[in-house]
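Chains as they are written, first to last, in my numbering: chain A, 1 to 479; chain B, 1 to 262.
Simulated from the structure, these hints should not be mistaken for lab results. Among these hints, one or two may not hold up.
[To be verified] Which stretches of chain B does chain A cover? Using the computed rule of at least three CB atoms under 8 Å from a CB of chain A, they are:
| no. | segment |
| --- | --- |
| 1 | 1-7 |
| 2 | 15-26 |
| 3 | 50-59 |
| 4 | 96-110 |
| 5 | 124-131 |
| 6 | 197-203 |
| 7 | 246-255 |
Please read these numbers as outputs of a predicted model, since none were measured by experiment. Beta carbons are placed, not taken as given, at the ideal position from N, Cα and C, and that holds for glycine.
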Amino acid sequence: MTRSAQTPAFDVVVIGGGVLGTAVAARLAMTTASVCLLEEADDVAEGASKGNAGIATSFYAPPGTLEADLIARSWPRWEDICDRLDVPFSRPGALTVAITDDQTTQLQAICDDALAAGTRAELLTGAQARSLEPMLTAECRGAVHLPDEGLIDPVRLTCGYAEIAAANGAEIRLSCPALGFEVAGGLLTAVHTPDGPVRARWVINASGLAGGTISALAGGEEIRIWPRRGQYWVLDRAFGEKLHKMVLPVPMPHSRGVQVVPTTNGSALLGPDAQEITDPADKGTDPASLQAILRLTEQLVPEVSLDYAIKTYAANRAACEETVRVRPDRSRRNLIHVGNRSTGVSASPGTAGRVLELLRDAGFDRADRPDPVRRLRKVRRLRHDPDPESLPDADPRYRQVVCVCEQVTAAEIAAAFDRHVPPRSIEGIRKRTQATGGRCQGSVCMVGVAFLCSLHTGMAPAEIRHGSAGATLGVGSER
Amino acid sequence: MAVVGAGVAGLAAAEELARRADVVVLDRLPVPGGVLAFDMPAVRALEQACRSAGVRWLLGTTAVRWEGGRLLVVGPGGIEWLDAAHLVFAGGCRPATAAELPVAGPRLAGVLPAPVAIHLAEAEVTLGRRVVIVGTGHWARAAREAIAGQRSQVTVVAPDAADGAAFGHDALISGWTPVSVSGRGRVAALTLERAGQQHVLDCDAVILAASARPLRNVDGAVFEPAPGVTFVQPAAESAGWEDVASAARAMVSKLGQTEVGI
Chain A
1 MTRSAQTPAF DVVVIGGGVL GTAVAARLAM TTASVCLLEE ADDVAEGASK GNAGIATSFY
61 APPGTLEADL IARSWPRWED ICDRLDVPFS RPGALTVAIT DDQTTQLQAI CDDALAAGTR
121 AELLTGAQAR SLEPMLTAEC RGAVHLPDEG LIDPVRLTCG YAEIAAANGA EIRLSCPALG
181 FEVAGGLLTA VHTPDGPVRA RWVINASGLA GGTISALAGG EEIRIWPRRG QYWVLDRAFG
241 EKLHKMVLPV PMPHSRGVQV VPTTNGSALL GPDAQEITDP ADKGTDPASL QAILRLTEQL
301 VPEVSLDYAI KTYAANRAAC EETVRVRPDR SRRNLIHVGN RSTGVSASPG TAGRVLELLR
361 DAGFDRADRP DPVRRLRKVR RLRHDPDPES LPDADPRYRQ VVCVCEQVTA AEIAAAFDRH
421 VPPRSIEGIR KRTQATGGRC QGSVCMVGVA FLCSLHTGMA PAEIRHGSAG ATLGVGSER
Chain B
1 MAVVGAGVAG LAAAEELARR ADVVVLDRLP VPGGVLAFDM PAVRALEQAC RSAGVRWLLG
61 TTAVRWEGGR LLVVGPGGIE WLDAAHLVFA GGCRPATAAE LPVAGPRLAG VLPAPVAIHL
121 AEAEVTLGRR VVIVGTGHWA RAAREAIAGQ RSQVTVVAPD AADGAAFGHD ALISGWTPVS
181 VSGRGRVAAL TLERAGQQHV LDCDAVILAA SARPLRNVDG AVFEPAPGVT FVQPAAESAG
241 WEDVASAARA MVSKLGQTEV GI
């Protein structure tokens with residue numbers, strides 16, 4: 001008798017702890033189904049869900065496409081979702097900016113498509129666009145204004161989905177890659193992991209760049225997915241807080257182009273570019289690409305300057321001919337593929353709803369629970385709290401500032417650990433609190449953050465991991 | 001007036017200003033001295049001079065936000081807005097970040113700002129077996145000293161060819177500029193460039209200790225000009241404390257009567 005035969009099966013096993021996998025797990029955990037999420041890395045949001053611009057778009061794809069449908073089902077809901085999951089969100093709107101004659105002629109079609117997709121859109125002259133965004137270049141010939149475009153913290157969103165899934169009973173297994181599958185009667189019955197088999201009635205393949213590999217391991221169809229690397233500059237909030245709008249170029253066939261966008265924490269991003277690469281683990285920036293991004297963004301917003309540069313990063317989108325995938329496998333009928341090249345964050349609520357519909361169409365009979373956990377406890381944050389003087393009454397640890405640049409206190413770091421899916425590294429703490437992510441990049445606070453990590457996890461300082469790739473701060477101890 | 005930073009520059013500025021104004025000195029550490037030891041005679045003398053001049057202290061207290069006329073401070077006594085006619089910011093300096101140098105590449109473990117490397121070494125964390133220190137100034141020397149007891153092979157990279165020599169037996173690479181790090185999870189190499197040529201240094205730790213620049217982390221007092229703020233951060237990499245103190249005094253002596261609120 002195999003071990004898998006002894007363990008009870010989950011109704012659904014989700015492979016992948018990115019924004020889509022966690023969104024699906026969060027939705028399914030609100031039904032009476034038993035749900036298990038497997039993530040290879042030691043934290044959620046470690047792939048493209050971490051390294052994107054955090055745009056919650058209202059319009060991206062032509063009307064009538066699956067992508068347009070998923071986005072249309074998602075964007076009106078952000079205020080509600082982000083309020084419940086304690087995720088930073090705002091809706092500043094975007095300007096798609098034309099500088100050349102050729103770009104100017106494309107604006108009308110973009111505007112018409114956006115209106116047809118059901119979002120608001122207006123065609124502006126260059127002067128009108130500059131009145132909405134005074135930092136815009138004087139070369140602007142015209143623009144499409146999309147007022148419903150939103151900004152979101154994509155990492156906090158992913159963590160929020162994982163947390164609400166766990167609060168509703170889903171098992172979140174980190175550092176737990178899917179290594180293979182058991183099959184009986186043409187259906188998947190279990191997922192092999194280093195911890196043993198995880199039995200499953202349904203399997204959701206939401207593994208991003210690994211989506212093709214997982215499908216092959218499952219005996220499913222061939223899906224070719226490759227890494228498309230995007231690089232970014234992060235600029236200080238002294239610059240970002242002057243931006244009123246996201247500023248985008250007229251899109252190109254394979255990418256939305258290099259943008260200047262504010263973020264929910266006040267900083268600004270320049271990027272991403274798009275490079276087809278072969279190694280999905282290659283997340284390096286390179287000087288030439290970073291310079292190219294700077295030059296392209298200067299054309300949109302001349303005030304862009306490296307005097308404000310805080311850091312650079314790169315992330316790999318999961319490029320695929322089938323840009324958006326939410327459908328059963330053609331041969332393995334209890335395997336559902338979920339993937340999205342560009343709009344994973346923006347389409348995540350709609351995608352989760354679509355997966356539940358697919359399951360129900362196929363006979364999945366788990367009803368919604370009458371009273372699931374729908375809301376996470378809000379963490380008050382020194383930098384954003386309207387009444388900072390009262391914070392120590394709630395928790396005396398607010399009196400201890402750990403990261404000065406981002407104004408993160410010991411109370412906020414403690415709150416990050418007091419979760420079902422806590423951080424496990426300095427990077428995990430940064431993702432949840434911004435600590436070490438500011439102007440000085442941890443020069444002042446990284447030791448304090450490491451100490452708190454040590455305090456909350458019981459690990460010695462030499463064992464504290466810097467990132468979730470598993471590498472520790474040092475290589476050992478002199479003790 | 002509020003003086004943020006009780007290092008040599010902050011103390012000297014506070015003493016100078018206290019002759020003309022009501023001065024409070026804040027520091028996130030519970031003792032004065034900044035990067036110098038609080039019991040150094042020079043620090044003790046400056047502290048005593050401040051006390052004689054009537055300076056008040058708010059130590060162990062972090063200033064986080066300046067909104068023209070008031071400063072949000074966080075400390076053992078709680079979180080409060082401190083009214084101040086003018087902010088003198090004396091936050092010292094820090095080495096340049098990877099983005100500021102700029103050094104490209106992925107985010108990797110083992111790439112550490114010098115102040116972090118120094119603290120970790122003091123906590124007996126072995127930083128690496130093959131350590132590269134980028135820079136030759138104050139932070140580089142302090143980091144070299146902090147890892148002296150670790151059995152590491154150390155290479156010093158001095159972007160300016162004129163620098164270096166102060167590192168004894170360490171390998172010194174002068175005139176090369178670091179451009180990128182590479183590795184998987186942990187840093188495995190630092191790539192240097194000179195006149196279009198590249199040189200790859202294998203390593204498992206990179207300590208960023210170059211291009212000291214002012215540490216600015218109080219919102220509203222980051223970029224110049226900042227209304228109501230005077231920056232007193234004269235600490236060039238090699239300046240001795242006497243130079244820093246006299247430069248700080250000179251920088252605040254220009255503050256007019258409007259700023260000091262007389």
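These are the hints, each one checked on the structure:
A stretch counts as covered by a chain when three or more of its residues have a beta carbon under 8 Å from one of that chain; for the segment 1-7 of chain B and chain A the count is 0, and the coverage is violated. For a cut-off of 8 Å, the count of residues in the segment 15-26 of chain B with a CB near a CB of chain A stands at 0, and the three-residue condition is violated. With 0 residues having a beta carbon nearer than 8 Å to a beta carbon of chain A, the segment 50-59 of chain B misses the requirement of three or more and the stated coverage is violated. Proximity of the segment 96-110 of chain B to chain A, defined as three or more residues with a beta carbon under 8 Å from a beta carbon of that chain, is established by the 12 residues found.
Coverage of the segment 124-131 of chain B by chain A holds in this model, with 6 residues showing a Cβ closer than 8 Å to a Cβ of that chain against a need of three. Counting residues of the segment 197-203 of chain B whose beta carbon lies closer than 8 Å to any beta carbon of chain A gives 0, which falls below the threshold of three, so the coverage claim is violated. Remark: the segment 246-255 of chain B is not confirmed as covered by chain A, as 0 of its residues place a Cβ nearer than 8 Å to a Cβ of that chain, below the required three.
Figure legend: structure checked against the earlier numbered hints; hints not met, in rising order: 1, 2, 3, 6 and 7.
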